[in-house]
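Position chain P relative to chain L; hints supplied.
Protein chains in written order, with numbering that gives the first Met the number 0: chain L, 0 to 83; chain P, 0 to 189.
Quick caveat, the hints were computed from the structure, so don't treat them as lab data. Be aware that one or more of the hints could be misleading.
Unchecked claim - Simulated DEER-style distance windows between Cβ atoms:
#1 P:161 with L:66: 25 to 35 Å
#2 P:34 with L:15: 48 to 58 Å
#3 L:30 with P:6: 32 to 42 Å
#4 L:56 with P:105: 17 to 27 Å
#5 P:105 with L:67: 36 to 46 Å
#6 L:67 with P:112: 19 to 29 Å
#7 L:59 with P:105: 25 to 35 Å
#8 P:45 with L:40: 19 to 29 Å
#9 L:80 with P:88: 18 to 28 Å
#10 L:18 with P:121: 51 to 61 Å
#11 P:135 with L:24: 48 to 58 Å
#12 P:67 with L:80: 13 to 23 Å
#13 P:143 with L:66: 35 to 45 Å
Computed from a prediction, not measured in an experiment: that's the story for all the values here. Think of the CB as a built atom: it goes at the ideal place given N, C-alpha and C, for glycine as much as any other residue.
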Amino acid sequence: MFIDSASTANIISSFFTPEGFVNLLQMLVLFLEFVYLLIAFLITRQISLMNKSFKTEAALLFTIAGYINFLGTAALLILSVATL
Amino acid sequence: MLKTLYCSFLEKPKNMGFEGEDRDEHILYLFRKSFLTNAGWITATIIMLTVPFLANSVLISLNSKNAGLIPVQFILVLNIFWFLFTFGFALTSFVNWFFNIYLISNKRMVDMDFVGILHKNISEAPLTSVEDTTSNVSGALRTVFNIGSVYIQTAAERREFEFIDVADPAKVRDLISDLVTEKKEAKDVH
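Just chain L, with the same shape it has in the complex:
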C-alpha cells in the first residue's frame, strides 16, 4: 500500500488535535500495559526462585500475590484492547 506524503502529514497532524492526542495516549497506555505484563511475568518467576532458595510458610502468599499481579495485568490488557 502506497502512502503519499500528504496522507502521512494528515496522520501526524491528527495527533495534534485533542482527540488525536487522547488516541495517542491510549496507544501509549496499551504499550505500557504490554511492557508491564512482561515485568509482572518476571516477578512471578523471581518469586518462584526466591521461594526455592529460601523456604518459608509465607511462600504461598507471595506466589498468589505475584499471580494476582500478573493475571490482573493480563485481564486489564485484554479489557483495554476490547474497549479502547
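Coordinates of chain P only, in the frame set by chain L:
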C-alpha cells in the same frame, strides 16, 4: 507466620529452610535489613496510592470543559493500571527485603542477595573459616535507630561478607563471634 513477615532478626526459626541445606543442618539465626529500611518504598507506595484521586479530579474537570473528550473507559483502565503497578511495586520491594537474608546455620553462613527482579547472588562460607568480625554504625539516623553493618572476614573464596543495615549490629557481631569461637574450639577438641 505474621511475625516472620516483619521480623529482621529470628533465633532458631521454625518451618524455614534454604536451598542446599543438609539433613543434619538447622538455621540458628536469620538476619535481614532492619524493617525501618522499608520506610522509603512504603512512603512511595502511599504517595502512589493518592495519585489517582488527584489525577481523576483533573481528568473529570477536563471532561466537563471539553464534553467527554476523554472516554470514561480510558479513565477506568488508567486507574486500574496504576493500582496494579503500585501493587507490583510494593510487592517487589517487600519480597526483595524479605528474601535478602543473612543466615547462620550450625555449619555455615549464607548471604542471599536478590537485586530487582533479574539478579540473584548466593554466597556461603563455613563458620570455621571466619577470621574476624567488625560492626559499624555511621550516620545520624542509623545511630538513632541503632542500625549498621557487620563485616565478616573469612578464609573462604569470598573474602568478606557484609550484613548491611541490620538492627543492633554489635549484638549480631557478638553472636557471630561467639558461635565461631565455639565452633573452632569444638573442631580443635576433635
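Checking against the hints above, which ones are violated? Nothing - there is no hint that the structure violates, so all of them hold.
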